[in-house]
Amino acid sequence: MKRNSVIGLVSALALAAATVVAAGSPAQAAVGDILCTTPSNDSSTYSPPLSLTPASTTVTITRDLNTCTSLSVPAINSAPVTVSQVTIPSYSCLTLLNTAPTTISFTWNNGATTVVTGTRTVNLAAAVLTTTVTGTVTSGLFTGDTVVYQLLAPSTDILACTLGLGTVSRIDSIATLTIN
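In numbering that gives the first Met the number 0, the protein residues as written are 0 to 179.
Quick caveat, the hints were computed from the structure, so don't treat them as lab data. Just so you know, these numbers come straight off a predicted model, no measurement behind them. Hints may contain errors.
[As the list claims (entries may be wrong)] Simulated restraints, written as ranges between beta carbons of each label pair:
#1 T86 - T118: 16 to 26 Å
#2 A159 - I87: 16 to 26 Å
#3 T155 - S71: 37 to 47 Å
#4 L70 - S138: 15 to 25 Å
#5 T142 - T98: 37 to 47 Å
#6 V82 - P47: 17 to 27 Å
#7 T142 - L162: 42 to 52 Å
The beta-carbon is built from N, C-alpha and C at its ideal position, and this holds for glycine as well.
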């Protein structure tokens, strides 16, 4: 499958997921919500690239949530580009697929910060890698609210890596975020 076709498929899936989130139950319209949809994105770069063999890897995450709305803080419309870096002592394309605890920080366009603590789950199916973080805002704006942060990416490189047929140097994902 051509890379553009895969990206088109992921875009269509992201739009469908955003539509489901936006059209969900009335409980999702509670004051305090944040809804960020496409074309928001999240990219991870791995140095050295991930392979089947676990190795110390530096992960650089670039996050840009640029289409956001908030009912309780109408001035929020984005979480502009942030870059963070972490070194993981033993990481491979197989451990990338593991469920793991995670903490994510979002800095909004008004300067406020939201820190989320939760669990990352990963699903590799057909042409799509779906990463979902579910958790709670543990500090900052919207403390106590629940969070779903979902990333959709083409899975071609990851599938090849898990079969020992390549490496993963970068994952570019379409992102959606719901806080309520």
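Structure-based check of all given hints:
Checked against the hint of 16 to 26 Å, the C-beta distance between T86 and T118 comes to roughly 22 Å, which is consistent with it. Between A159 and I87, the C-beta spacing of about 21 Å keeps the proposed range 16 to 26 Å intact. With their beta carbons about 40 Å apart, T155 and S71 fall inside the hinted range of 37 to 47 Å. For L70 and S138, the hinted distance range of 15 to 25 Å is satisfied, since their beta carbons lie about 21 Å from each other.
Roughly 25 Å separates the CB atoms of T142 and T98, a value that falls outside the hinted 37 to 47 Å. Taking the beta carbon of each, V82 and P47 are about 19 Å apart, inside 17 to 27 Å as hinted. In this structure, T142 and L162 meet the distance hint of 42 to 52 Å, their C-beta atoms being roughly 43 Å apart.
When held up to the earlier numbered hints, the structure conflicts with hint 5 and nothing else.
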